[in-house]
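Novice: Going line by line, the protein sequences match chains A and B.
Last residue of the first sequence? That's 299 in our numbering, and every number before it is there in order.
Last residue of the second sequence? That's 1240 in our numbering, and every number before it is there in order.
Rather than coming from a laboratory, the hints here were simulated on the basis of the structure.
You may find that some hints are simply not true.
If you want the ones that stay clear, here's a sample from chain A, every Cβ over 12 angstroms from chain B, calculated [claimed, not checked]:
| no. | residue |
| --- | --- |
| 1 | A5 |
| 2 | Q33 |
| 3 | A63 |
| 4 | L76 |
| 5 | Q93 |
| 6 | L117 |
| 7 | I150 |
| 8 | T193 |
| 9 | V196 |
| 10 | F291 |
For each label pair, taking beta carbons as the anchor points, the in silico distance ranges come out as [to be verified]:
| no. | chain 1 | residue 1 | chain 2 | residue 2 | range |
| --- | --- | --- | --- | --- | --- |
| 11 | B | G1141 | A | G173 | 40 to 48 angstroms |
| 12 | A | Q33 | B | G1067 | 24 to 32 angstroms |
| 13 | B | G1067 | A | E100 | 24 to 32 angstroms |
| 14 | B | K1172 | A | I8 | 57 to 65 angstroms |
| 15 | B | A1110 | A | P73 | 30 to 38 angstroms |
| 16 | B | V1014 | A | Q33 | 19 to 27 angstroms |
| 17 | B | R1119 | A | A5 | 53 to 61 angstroms |
These figures come from a predicted structure and were not determined experimentally.
Positions of the beta carbon are idealized from the N, C-alpha and C atoms, including for glycine.
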Amino acid sequence: MDILAQLIVSGISVGMIYGAIAFGYQLTFSTSQTLNFGQGEALMLGALVGLTTVNFLIGQSIATPLAYLLMLPVVLAFGCVQGVVVEVLGVRQAIRTGSESGWIMATIALGIIFRNLAENIWGRDALKFPSPLTETALTIGPVHIQPMEIAITLGTLALALAVEVFNRKSIYGKAVVATSSDRDAAGLMGINTRLVITFSYALSSVSAALAGVLVAPVTLTGANMGAVLGLKAFAVAIIGGLSSGLGVFVGGMILGVAETLTGFYLSTGYKDVPGLVLLLIVLSVKPSGLFGKKGIKKV
Amino acid sequence: MLSVSNLHAGYGKVQVLHGLNLEVPRGSLVTLIGANGAGKTTTLRVLSGMIAPHSGSIHLSGTDITGWPSHAITRQGMAHSPEGRRVFPTLSVTDNLLLGGFPRLTGARARGDIDADLRRMFDLFPRLDERRQQLAGTLSGGEQQMLAMARALMLNPDVLLLDEPSMGLAPKLVEEVFATIARLKALKVTMLLVEQFAAAALEIADTGYVLENGRITVSGSASDLRDNPKVRAAYLGSAH
Chain A
1 MDILAQLIVS GISVGMIYGA IAFGYQLTFS TSQTLNFGQG EALMLGALVG
51 LTTVNFLIGQ SIATPLAYLL MLPVVLAFGC VQGVVVEVLG VRQAIRTGSE
101 SGWIMATIAL GIIFRNLAEN IWGRDALKFP SPLTETALTI GPVHIQPMEI
151 AITLGTLALA LAVEVFNRKS IYGKAVVATS SDRDAAGLMG INTRLVITFS
201 YALSSVSAAL AGVLVAPVTL TGANMGAVLG LKAFAVAIIG GLSSGLGVFV
251 GGMILGVAET LTGFYLSTGY KDVPGLVLLL IVLSVKPSGL FGKKGIKKV
Chain B
1001 MLSVSNLHAG YGKVQVLHGL NLEVPRGSLV TLIGANGAGK TTTLRVLSGM
1051 IAPHSGSIHL SGTDITGWPS HAITRQGMAH SPEGRRVFPT LSVTDNLLLG
1101 GFPRLTGARA RGDIDADLRR MFDLFPRLDE RRQQLAGTLS GGEQQMLAMA
1151 RALMLNPDVL LLDEPSMGLA PKLVEEVFAT IARLKALKVT MLLVEQFAAA
1201 ALEIADTGYV LENGRITVSG SASDLRDNPK VRAAYLGSAH
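So here's chain B without its partners, still in its complex pose:
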């Protein structure tokens, strides 16, 4: 579904990614773990076109999208719930969700049933249902995270990129976020999850990649990674 090969990218002259290879098969949940500064967020930003790669290639459903601008990549079916949530604070919850479906509402992507999908989001995230007309800027951090995920889902994406959905949330909300991701996985949503809570991410993922200094150092099934002594020592916080 999403296929990345030999990706080099960075900001200006500072190179962050040094030849990244990554596969996200249809219907699977892949997680990318790594320390702060390893290049996890940069990876997602390149994939969704927020920054252009220096070299390498990105294919989405067989289409070469390398170097495309972000709006074109989104229309092609890649949704990105970005770091820091980035909801539109002066717009209502419902308007934020509608904007997630912008390509569908404007004919750039199969329309489907927008109203049914809105209802689906409110079922999936009941707290948003209670706040439909509230401005997104007045939501709590956890609610904004839910909104960012729901907004991305409104695209009916082929691939959903999730950047640190647990960041800055209270433990109870982190649990809730992971429960939601598990539910999306059951619905066969293809996802690439970047997380600092490596243990929780590997618990629900099918496949995992470990990113160190812009390179993939370990990859494999999530259960293999959970049992890998090096991964355990470095990212799972337990040596035994």
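Isolated chain A (complex conformation):
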């Protein structure tokens, strides 16, 4: 029973990372019906830029926790720019010409280019990301939990909450929601929907980059850290529903817990199986995702 609780807690923090990346998929899918298949690479770039920044700051004899905090705005700004680059180079033309699939290849291609770039700048080896929090696990009842795992959960939730508040409270957020719901009608409101789509790509990469620097201290950091995460998060986005708001975080936790349970009770060799099985089940039973909404329409 204690082990079960431990596995669930560990699964949740992994799941929150999947959730944050999937949240990024959802942000762009809702405004443009396209998404960045290089999300994993956006996460990887965020983590590596964060690593370089943190190491630089530590080199200036700044304490690690403070260096980590100072690094965050740098990484978020970088994510913003990276997302704009992806949208401008990979997606905009495809949307303009009404191409159904151009953006798929373009974003995959950009992802590969980013990975190559990272291999050349940071090398192929996995690097150690200095942890801002103590690596001694806290013991709560039967469960051991790393402080960084708590930070992952709080950090990703804070991001999602900030986006949700922005969408509900600010007129610009409402413009994003309007664009998601009816792009032509949003244009008639004077909303530059092309700019909204660019913005959603920026925000999508910001969420991936944040996930990157949150997960980096508990895993290894390197050019190849993003590919598998990006793919699993895609499964989570399908499981949670690409139109479901916060459902992706629940989807992420389901997958994270399923993985740790499988890893322990079956074999770590089967760790990647539950996500794919879940994906297949959801696709055949409820294709709009577990929490996917059908639009409210009444005439």
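Since chain A is already given, all that's left is putting chain B on it; use the hints.
Specialist: Below, chain B alone, put in the same frame as chain A:
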């Protein structure tokens, strides 16, 4: 106020409008009538930039807006209450109205008093007042039509384009919609009204245009059009 000359437009290779000329003077209510498929909705869609014209020109308050994207045309002062209402179903009535004022709230257009205008809309459309926080998708068809019109008015537009505001509504609601348009006319809102109920439209309009196969065939004061035997026979449903 709104001036259209020799407008050609269509979808892809299918041309719908063949050299349309149209004037909407400041403070007037102009109606565009015609059979289904004549190009009425296409005309409004070109005017508000939802589709780009092939040739011709559109001037709004003296500014050439030909070929501008719809968000820029809206910021310039053209509001469009589109066919099918197109309210944002997952947003509240109030949020829909605020989005109608988006250019004013974001500095792209003179701000004025947003709160006073919201109150004005709720006075003009009391049914929306009762449903301020309700999601627009849960409103009835008539209420959605009211919301679409109120949302367009929140722009403080120089010209308001109304596309078939009576479509799909029960007769009593159609009456209500026309009463509202008459009230807006009394408030000197400049409007271009596209309608299938030609008789009712010509009853309240100052000027009318008849659109046939993408061309204006008859135009003149609304009362002249009401008396025109050809218009009566084709659109007013009475030959006597």
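Novice: Hint by hint, note whether the structure agrees.
Specialist: Hints versus structure:
Here A/A5 stays apart from chain B, with its beta-carbon at least about 38 angstroms from theirs, past the 12 angstroms limit. Listed as outside the interface, A/Q33 is consistent with that label: its C-beta sits roughly 16 angstroms from the nearest C-beta of chain B, beyond the 12 angstroms cut-off. No beta-carbon of chain B is positioned within 12 angstroms of the beta-carbon of A/A63; the least distance is around 42 angstroms. With a minimum CB-CB distance of about 23 angstroms to chain B, A/L76 clears the 12 angstroms threshold, and the non-interface call stands.
The beta carbon of A/Q93 sits about 17 angstroms from the closest Cβ of chain B, which is more than 12 angstroms, so the claim that it is off the interface holds. Its beta-carbon lying about 34 angstroms from the closest one in chain B, A/L117 satisfies the requirement of being farther than 12 angstroms from that chain. The claim that A/I150 lies off the interface holds: its Cβ sits roughly 33 angstroms from the closest Cβ of chain B, which is beyond the 12 angstroms cut-off. At roughly 7 angstroms, the least C-beta separation between A/T193 and chain B is not larger than 12 angstroms, which violates its mark as non-interface.
Listed as outside the interface, A/V196 is inconsistent with that label: its C-beta sits roughly 10 angstroms from the nearest C-beta of chain B, within the 12 angstroms cut-off. Distance check on A/F291: its Cβ is at least 15 angstroms (rounded) from any Cβ of chain B, clearing the 12 angstroms threshold; non-interface status holds. Look at B/G1141 against A/G173: about 28 angstroms separates their beta carbons, and that is not inside 40 to 48 angstroms. Checked against the given bound of 24 to 32 angstroms, the beta carbons of A/Q33 and B/G1067, roughly 26 angstroms apart, stay inside it.
Our hint of 24 to 32 angstroms for B/G1067 and A/E100 holds, since their Cβ atoms are close to 26 angstroms apart. Remark: the range hint 57 to 65 angstroms for B/K1172 to A/I8 is upheld by a beta-carbon distance near 59 angstroms. Separation of B/A1110 from A/P73 is about 35 angstroms and conforms to the stated range, judged on CB atoms against 30 to 38 angstroms. The hinted range of 19 to 27 angstroms is satisfied by B/V1014 and A/Q33, whose Cβ atoms lie roughly 25 angstroms apart.
In this structure the supplied range 53 to 61 angstroms holds for B/R1119 paired with A/A5, their Cβ-Cβ distance being about 56 angstroms.
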